[in-house]
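Protein sequence lines correspond, in order, to chains A and B.
If you read the first sequence in this note's numbering, its first letter stands for residue 1, the second for the next number, and so on.
If you read the second sequence in this note's numbering, its first letter stands for residue 1, the second for the next number, and so on.
Simulated from the structure, these hints should not be mistaken for lab results.
Incorrect hints may appear among the rest.
If several chains are the same, the list does not tell them apart, and a pair holds so long as it fits within one copy or across any two.
[To be verified] Keeping only pairs whose Cα atoms sit at most 30 Å apart, straight-line, the calculated DSS-like set for lysine-lysine is:
(1) K134 to K168
(2) K168 to K288
(3) K315 to K134
(4) K468 to K439
Letter by letter, the chains look like this.
There are 2 protein chains.
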Amino acid sequence: MDKVRVRFLPAGEVVEGDVGATILDLAREAGVSISSVCGGDGICGGCRVIIQKGEVEASPTSLLTRDEIRRGYALACQTRVRGDAEVLIPLEARSEGAQILLDDDAQRFRALLPVDEEGVSFRHHPLVSKVALKVPPPSLEDNLGDQERLLREVRRQTDGPQIQLGLKVLQGLPELLRRADWEVTATLALRGGVRELVQVEPGDRRRNFGVAVDVGTSTVVAHLVDLASSRTVDAEACYNAQASFGEEVTRRIIHAERGGLQELHDAIAGDLNRLVSALISRNAVELKDVTAVVCAGNTAMQHFVLGLDPARLRKGPYVPVTTTPPPVRAAEVGVKINPRGLLYTVPSIGGWVGGDITAGILATGLHRSEQLTMLVDIGTNGEIVLGNREWMLACSTSAGPAFEGSSVRCGVRAGQGAIERVEITSQGHVRLEVIGEGKPKGVCGSGLIDLLAELAEAGLIDRSGQLKPGSSPRVRDRDGLLEFVIVVGDRAAGGEDIVITQADIENLLRAKAAVYAGADILLSSVGLEFADVDRLLVAGGFGNYLDREKAVLLGLLPDIALERIRFVGNTAIMGAKLSLLSAEALEEAHRASRGVTYFDLISYPDYYDDFMSAKFIPHTEEGRFPSVASRLKEAV
Amino acid sequence: MDKVRVRFLPAGEVVEGDVGATILDLAREAGVSISSVCGGDGICGGCRVIIQKGEVEASPTSLLTRDEIRRGYALACQTRVRGDAEVLIPLEARSEGAQILLDDDAQRFRALLPVDEEGVSFRHHPLVSKVALKVPPPSLEDNLGDQERLLREVRRQTDGPQIQLGLKVLQGLPELLRRADWEVTATLALRGGVRELVQVEPGDRRRNFGVAVDVGTSTVVAHLVDLASSRTVDAEACYNAQASFGEEVTRRIIHAERGGLQELHDAIAGDLNRLVSALISRNAVELKDVTAVVCAGNTAMQHFVLGLDPARLRKGPYVPVTTTPPPVRAAEVGVKINPRGLLYTVPSIGGWVGGDITAGILATGLHRSEQLTMLVDIGTNGEIVLGNREWMLACSTSAGPAFEGSSVRCGVRAGQGAIERVEITSQGHVRLEVIGEGKPKGVCGSGLIDLLAELAEAGLIDRSGQLKPGSSPRVRDRDGLLEFVIVVGDRAAGGEDIVITQADIENLLRAKAAVYAGADILLSSVGLEFADVDRLLVAGGFGNYLDREKAVLLGLLPDIALERIRFVGNTAIMGAKLSLLSAEALEEAHRASRGVTYFDLISYPDYYDDFMSAKFIPHTEEGRFPSVASRLKEAV
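Assemble the whole structure, with the sequences as input and the hints as a guide.
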């Protein structure tokens with residue numbers, strides 16, 4: 001078959017491929033990540049690229065305007081190359097694969113809730129710990145075997161359950177003990193009710209690090225933790241490289257069913273490796289001193305990390321392979337830390353409420369709370385937990401990744417260049433706050449919430465979210481679709497206008513409606529309403545802050561006293577970190593996860609009606625939002 | 001380098017090698033086992049072969065007579081080939097490597113002591129067990145994960161500690177459970193205080209076998225056990241293939257120190273594999289249904305099986321790598337059973353008192369006994385345990401392998417063709433009993449004890465074991481060395497006379513003296529004497545019986561009431577089997593091994609004197625053997 005060369009811009013990656021291959025396939029081959037929500041079915045329009053040179057053949061699509069097509073736009077998944085070509089990947093389509101965010105961006109992912117503010121504290125008892133030993137050398141009077149001698153010393157200095165060790169450690173022991181002149185450091189890992197002596201090193205080598213990971217569908221966040229001091233050394237984040245197989249979990253599961261499980265596993269393992277690699281090189285930590293990883297992620301992501309078949313998550317009765325994966329050797333799943341180090345998983349609650357939510361419960365202390373608490377985690381799905389120390393109920397809404405910056409054309413993740421705050425002044429000017437330096441690239445979750453609320457309050461959209469033509473010079477019609485210009489091209493990083501389209505607004509309203517309706521139904525299923533909620537905790541990686549007032553105005557959050565609402569940041573990473581630092585915390589996460597009842601929204605008869613009502617701003621039932629009604633009335 | 005072809009007879013193996021290679025090296029290369037006590041240093045004279053054709057070059061040696069050299073005899077380790085050659089390996093030099101003894105021979109290795117005769121009984125609780133499960137399929141109301149669902153069912157049907165499982169099992173679970181329509185068999189292995197779910201198979205597959213192994217320095221014995229019914233299905237034995245690296249443990253340790261550990265490990269692993277292979281093929285058992293191996297052996301053999309460096313066993317303070325090896329995946333040490341099956345080790349007591357002795361304690365119930373019990377295990381070394389339920393003391397004597405048929409020219413192991421009973425009639429005729437059919441090949445341990453006692457009683461040797469010239473037509477002089485003809489060549493399997501030489505007699509007397517002196521010193525170290533011993537249990541694989549009277553006459557055993565002496569057979573295999581069938585037995589073996597104090601004979605000042613006195617028949621102090629004195633007086 002004839003070969004063609006395709007060059008991807010702006011970075012310039014070159015790949016040789018077959019005539020007739022799609023640009024999306026070629027990009028994957030070249031290691032270039034292109035955002036794709038639908039996974040290549042030509043439905044989402046996420047994989048928009050610009051053909052700068054060369055002959056291509058594309059299927060017809062309604063997802064590109066005539067104007068765009070004239071400017072060279074094409075859908076990477078629907079476009080086949082006929083000859084050598086140059087393809088520009090515009091900013092909006094760049095999923096950036098596992099490209100690692102800059103450090104100061106990554107810091108923004110740091111969990112914001114101090115460990116013990118809510119009385120959630122655990123004794124320092126890392127899952128993997130090191131102990132420096134001076135072993136008395138053998139004599140005729142004390143001629144215990146090397147193993148028994150070493151373990152005697154370990155038991156003298158540490159408490160804990162029975163100790164296991166493997167043949168490899170045992171085989172190296174006699175030589176190592178003598179070479180080290182009987183001064184060694186033992187690494188002990190807690191594992192299924194026993195302690196495993198995972199390695200013995202010569203001398204005093206107590207440097208011991210772990211990595212806590214929030215394995216999100218869109219974003220993967222990792223914190224490097226000094227296990228001895230409990231200090232968070234550094235944080236790093238990247239986009240989940242699986243995105244090129246589909247941005248939605250379901251798409252990825254379908255890809256796995258079609259033989260792509262290994263690819264999906266490799267993608268996420270690659271992300272973990274790049275994150276760990278960046279963290280250790282920046283902090284002069286040796287790889288062998290990283291002995292543990294704790295992953296918190298939704299159930300599907302946990303399956304992908306461990307290489308478990310997720311197929312049955314997608315179809316009733318939605319059965320995971322496991323909600324409580326055992327600790328495994330990290331190397332066994334391709335994660336590169338100390339070759340004998342372990343990878344632990346925060347237990348899931350069910351097929352659609354994952355370890356990230358268990359971690360959130362742990363981090364917020366919801367399961368210990370006397371007060372009725374609601375935890376809303378706005379990730380790619382919106383998961384909600386309601387309860388207190390007596391009972392817990394959880395559901396998952398199909399909010400979609402809009403607030404994470406996906407499925408919204410101008411959306412970006414909360415990082416360098418993201419617009420995180422938006423204000424529309426009474427003069428109609430748009431004031432922005434951008435993360436980091438430089439021109440804005442797009443709008444992250446918190447900015448999107450602001451933007452919608454401001455558009456509503458300024459009367460530029462109506463209650464159903466329709467942009468009003470003529471209401472502002474920034475509202476314009478392009479190919480019959482209305483859009484609002486946030487930033488004009490020459491002030492934007494990509495040189496193109498940053499706009500929010502009518503379609504984007506509808507995506508966001510669907511997402512906020514899903515969350516609100518889910519929360520509402522969860523409450524009413526136990527005969528409660530929002531007024532009964534003592535604490536409403538909002539978690540997620542969509543920004544560094546949440547303008548509670550605007551979230552209420554939008555109808556994303558209920559109209560309760562603002563002091564009861566709290567933005568708690570990334571509780572998944574916090575819970576993972578707690579587990580890493582304390583075996584008792586992980587044990588408590590197991591108990592908590594077993595204590596949660598899963599509530600299936602889909603089987604609830606009124607869900608669709610509730611969802612439709614909640615798509616209004618703030619809601620069709622105005623009485624639910626008394627404080628909002630008056631403000632919006634003024635605007636309209 | 002020029003090549004030569006060497007053919008080994010009688011089997012006809014052909015090997016091509018370099019001019020100048022030793023015959024021993026070439027034999028190893030050809031897979032032909034030649035007995036070698038010294039490991040190739042030209043000291044033992046064990047590797048006598050007959051050069052039938054071809055040119056060789058040999059170092060001078062005092063270990064061959066002129067006559068032998070004329071008949072073509074050479075020491076394989078000291079003889080280098082110069083051209084193509086044919087080499088006959090005479091019966092006496094054939095170590096037979098791992099050649100498997102015939103079934104009816106192997107049966108003779110069966111332990112003779114019924115499990116509960118001495119009140120030693122344990123509940124049936126195999127180290128590895130299988131449970132057939134009908135797992136309720138998932139539904140919307142019961143949508144536990146596959147792992148949790150399976151384990152719920154396991155816990156419903158079995159008791160036991162926490163269950164661990166590995167990633168491989170987990171990864172295969174969803175497909176397997178559904179393919180098997182939720183009817184599966186789970187295999188659970190006890191491992192360091194937890195249960196490991198080692199495999200899940202579709203359907204009802206409760207066939208479950210284990211192998212108990214006595215890993216002896218000279219002989220390896222394996223029993224195939226049905227773990228469900230506790231029935232011993234079959235037994236098999238072979239010679240330890242490590243013999244070609246030296247028959248003594250010390251020689252093998254030196255070989256390991258010189259980089260030969262892997263070779264030694266491979267040799268014994270090969271033996272285990274051949275034994276298992278023979279057992280399963282003969283009994284139509286599938287390899288995957290063999291899920292556990294329990295090894296009992298001396299400490300060095302346990303090191304070799306596990307690939308642990310035995311170097312420090314040889315030099316003070318005689319420190320093993322471990323006395324309590326953890327269970328390991330059998331595959332990890334090259335032992336082929338079910339790929340996920342485990343290999344367990346009966347714990348040792350110290351560097352020179354091994355797991356075979358712990359197994360002996362377990363099997364005889366010595367550690368539970370109210371009576372003062374002495375267990376004498378006559379293997380390659382003679383190990384002795386003294387004690388009762390309150391205390392235990394053990395020592396190891398350097399008896400050497402004489403009673404196992406090694407280091408005695410006419411000696412053979414107790415198997416097909418071995419002379420196991422000898423009587424010299426008043427007319428001077430020799431009456432023999434041979435194991436199995438066919439002509440005799442040599443004399444096994446029990447026959448050697450008989451032979452020496454009969455020679456002494458018939459007055460053919462004096463009290464110091466010297467053959468008396470002219471005392472019988474069977475006593476003759478060859479090249480200045482006296483020997484006694486047991487069987488003339490035309491009645492012997494090898495066509496050569498079966499004789500016992502003066503040197504052989506001295507080897508045997510050293511062995512019996514080492515055992516007697518060791519036992520005596522062990523007793524006197526705690527202020528006791530033989531008269532205080534309630535039960536004297538003699539264990540070992542040297543035959544199917546022990547003529548207690550003759551053993552006493554010889555001075556191997558003390559002159560106590562015969563009814564207090566009991567031959568208990570191979571207690572190492574019995575203890576291994578108890579451990580295989582009952583986790584509580586293995587646990588008790590661990591406790592028992594910790595309860596034994598090691599007594600170091602070498603550091604005892606009078607040991608050498610005691611040993612020298614015990615070399616007499618029965619002893620220099622006649623008063624110790626009142627019943628014997630009169631019988632020998634008549635003879636002299």
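Consistency of the hints with the structure:
no., hint, verdict
1, K134 to K168, "within (22 Å within a copy, 38 Å between copies)"
2, K168 to K288, "both (16 Å within a copy, 25 Å between copies)"
3, K315 to K134, "between (56 Å within a copy, 23 Å between copies)"
4, K468 to K439, "within (28 Å within a copy, 112 Å between copies)"
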